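From just these sequences and the hints, can you work out the full model?
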Amino acid sequence: MRWLFLSSAIVFYSASASAALNIFACEPEWAALAQELGGDKVSTVSATTAFQDPHHIEARPSLIARMRSAELVVCSGSELEIGWLPLLLTQSGNGRVQPGSPGYLEASQYVVKLEVPRVVDRSMGDVHPGGNPHIQTDPRNIGKVAAVLAQRLAQLDGANAATYRSRAEAFDKRWKEAIARWEQQAARLKGVPLVEHHKGFTYLVSWLGMREVGDLEPKPGIPPTTSHLAELVEQMRQAPAKMIIYSSYDDPKAAQFLTQRTGIPSVMLPFTVGGSDRAKDLFGYFDDLIARLLAPLQ
Amino acid sequence: MFRGKWCAAALAAAVFPAYAQDAATREEIKQLKQRVEELDKRVQDAENAATQAQAQASSRAQSESAMNPAVSVILNGIYANLKQNPDTFRINGFVPTMGDVAPPPRGISLGESELAFAANVDHLFRGTLVASISPDDSSVDVEEAYIQTLALSHGFTVKAGRFFSAVGYQNQIHAHAWDFTDAPLVMKAFLGGQLHEDAVQVKWVAPTDLYFDVGTELGRGLAFPAAPASKDGASSVNVFTHLGGDVGSSIAWQTGLSYYETKPTDRSYDDPLNGITNSFTGTSRLWALSGVLKWAPNGNNTVNNLKLQAEYFQRKEDGDLTFDPTGAALTDGYASKQSGWYAQAVYQFMPAWRVGYRFDQLDSGTATIGLIDSGAVTAADLPILAEYKPKRHTAMVDWSPSEFSRVRLQFARDYSRMGEPDNQVFLQYIVSLGAHGAHTF
Chain P
0 MRWLFLSSAI VFYSASASAA LNIFACEPEW AALAQELGGD KVSTVSATTA FQDPHHIEAR
60 PSLIARMRSA ELVVCSGSEL EIGWLPLLLT QSGNGRVQPG SPGYLEASQY VVKLEVPRVV
120 DRSMGDVHPG GNPHIQTDPR NIGKVAAVLA QRLAQLDGAN AATYRSRAEA FDKRWKEAIA
180 RWEQQAARLK GVPLVEHHKG FTYLVSWLGM REVGDLEPKP GIPPTTSHLA ELVEQMRQAP
240 AKMIIYSSYD DPKAAQFLTQ RTGIPSVMLP FTVGGSDRAK DLFGYFDDLI ARLLAPLQ
Chain X
0 MFRGKWCAAA LAAAVFPAYA QDAATREEIK QLKQRVEELD KRVQDAENAA TQAQAQASSR
60 AQSESAMNPA VSVILNGIYA NLKQNPDTFR INGFVPTMGD VAPPPRGISL GESELAFAAN
120 VDHLFRGTLV ASISPDDSSV DVEEAYIQTL ALSHGFTVKA GRFFSAVGYQ NQIHAHAWDF
180 TDAPLVMKAF LGGQLHEDAV QVKWVAPTDL YFDVGTELGR GLAFPAAPAS KDGASSVNVF
240 THLGGDVGSS IAWQTGLSYY ETKPTDRSYD DPLNGITNSF TGTSRLWALS GVLKWAPNGN
300 NTVNNLKLQA EYFQRKEDGD LTFDPTGAAL TDGYASKQSG WYAQAVYQFM PAWRVGYRFD
360 QLDSGTATIG LIDSGAVTAA DLPILAEYKP KRHTAMVDWS PSEFSRVRLQ FARDYSRMGE
420 PDNQVFLQYI VSLGAHGAHT F
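First to last, the sequence lines map onto chains P and X. If you count by numbering that gives the first Met the number 0, then the first sequence holds residues 0 to 297, one letter each, in order. If you count by numbering that gives the first Met the number 0, then the second sequence holds residues 0 to 440, one letter each, in order.
Treat the hints as calculated values from the structure; they're not laboratory data. Treat the hints with care, since some could be wrong.
[As the list claims (entries may be wrong)] Short, incomplete list of chain P residues facing chain X, as computed with Cβ under 8 Å:
#1 48
#2 50
#3 60
#4 81
#5 92
#6 182
#7 221
#8 225
Keep in mind the model is a prediction, meaning the values are calculated, not measured. Here a beta-carbon is modelled for each residue, glycine too, at the ideal position from N, C-alpha and C.
Laid out in structure tokens, this is it:
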């Protein structure tokens, strides 16, 4: 009996403590976006950081605990979180956020995905049948998801619907202005050849019209091998790229190796919000991405 | 797009310079420009259509097979080099579980192949079937087959069917995801390898930042330490709780405590040392305490990571032991208090490569056996129950070129048999085909 009181006390305590809409984001960019759109009406938590590989996350007890009290789950989807998210969902005993319910949002469903494979086979590496899931590196995708997310917030938290709508409008205006600014700043990057560690920045490369001429990973998700790097060195001798990019969670060794052998500068790019000092929010994230890409061209 | 237009215009201008003054040619250029603009628009339309088609294609194909469950297959094979004959395997001091606990056969052999299906049944339930196909007698065993609620909310989940019991930590993990080739000695001695039950499980996760759950399982008593009983109620009861959380962004931990109780009737075993069958009727209580800690720099486990894991089991059995039920059929009291533990560490020192070490120890304690105390039989008649402290050292190195394949080399010095230490070398492959399964913490 005392046990029952105790547990119900915990339930009520936590319900009253979190008047704001509880949002569980799989990746920091969606937590940042929800924060932009929800302000103090939402409380966000991200399951991963920019220093973690979102493909390989442990389904830790702390994440199940957070999923347990979530009212909205926002994830990239497209099988990015397939190794851990399904477990969090089934273990949490939280019916509000199961796939198919309003409390579950897969961002990549609302954008046009790149690299959707025609044929899928594991011999091709860790390919995603639904297309490349790292959609956050193109700000136009963020804009599209913002519209959907704002609607969803308004649906789940009707009392604050007007706030979400007006914040979404304001964000949309600022975001479009920012995109125009970034595109202008990055005009010089058009056609610039680069080598990527993982296909993590495909959307960025495509947005800026850059040219990806090689990957450090021999196949998606397979760590760089010496033989593959040797091939890349040879390839760079014949047709050098302007830079080698790797993300905040990649092991920098392979990129540094190629830089040593070829003299082509390697550039660390924050994979998402929080991946560098400047990438404090979504605006800072793209400011930093553009600045880091332009640096080797100075 | 625009570049194309200007190129065409420039080309047109370059081809006809001599006639640049000519009005007719100017008209021609105008027409060409118009053509280019039209083409440009057509390209744009085609691109838009392609974009749309791609968007449609990226949402799943609409067909009957789109609703097929996720299917995955686990294949594994092993080469074993053993000093002792695996057919004589026993754990001295402990009642044989009659389970599948012996090392694999000498030489090259195929391990159990696993076939798994899983899908959401509807908006309320999820269903999972894991069948294992034994290579020798081609029998198919139902390892797990259960449904699980999805939408109960308030932290509750109910699971029903056959599944691995929440006893300790490793028992709930499928063998292909273990960090060593074989089970810890505590699982071999106390759970007959791996304990699954036909049961109903209710679990509640607390709405707290620190992970906390409690749950219970009411089971049929499918196998050791239970014995099949024909009764309406539950033949086995398990109660469990877990506590877990993070320390900074680099460390995650979980501890668990479980209590399993069953009242086996005529649970018989063959003494491997004299071939006589004996049976036990009474109460068996098992406590299991477990702890897991995972470390990875900034929580990024791709390059380096460390996993520490330990479990402590304690079992008390109280009841009657019948010596040779089909022959002498002597019965008297039996009480034992036995325990065991293991601790292991697995470290990934570079991408794809891990090393690990495990230490196992069991303590049979001194059983109170009425038949021996009264002089009805001698200790030599119940040789496997003689007091002993088995232990084992295990070291392994494994290579996982991708998430879906692993090759492992393992060495062990196993003192499970009294006076006959075994040196075991295993070379094993484990691969998974098909759907990408998620692994528990």
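Taking 8 Å as the limit, does the beta-carbon of residue 182 of chain P come near enough to a beta-carbon in chain X? Check failed: Cβ of residue 182 of chain P comes no nearer than 15 Å to chain X, outside 8 Å.
Are residue 81 of chain P and chain X close enough, Cβ to Cβ, to be under 8 Å, as the hint says? holds, 5 Å
Quick check on residue 225 of chain P please, does its C-beta sit within 8 Å of some C-beta on chain X? Since the shortest Cβ distance to chain X is 12 Å, the answer is violated.
The hint names residue 48 of chain P as touching chain X; please verify it with the least Cβ-Cβ distance against 8 Å. OK, holds: residue 48 of chain P within 8 Å of chain X, min 6 Å.
Does residue 92 of chain P hold up as a contact with chain X if the rule is Cβ-Cβ below 8 Å? holds, 4 Å
How about residue 60 of chain P: closest beta carbon in chain X under 8 Å, or not? Where the cut-off is 8 Å and the nearest Cβ of chain X is about 3 Å from residue 60 of chain P, the hint holds.
So, as I understand it, the hint says residue 50 of chain P touches chain X; can you test that by seeing if any CB pair is closer than 8 Å? holds, 4 Å
Are residue 221 of chain P and chain X close enough, Cβ to Cβ, to be under 8 Å, as the hint says? holds, 6 Å
The structure fails to meet hints 6 and 8 from the earlier list, while all remaining hints are met.
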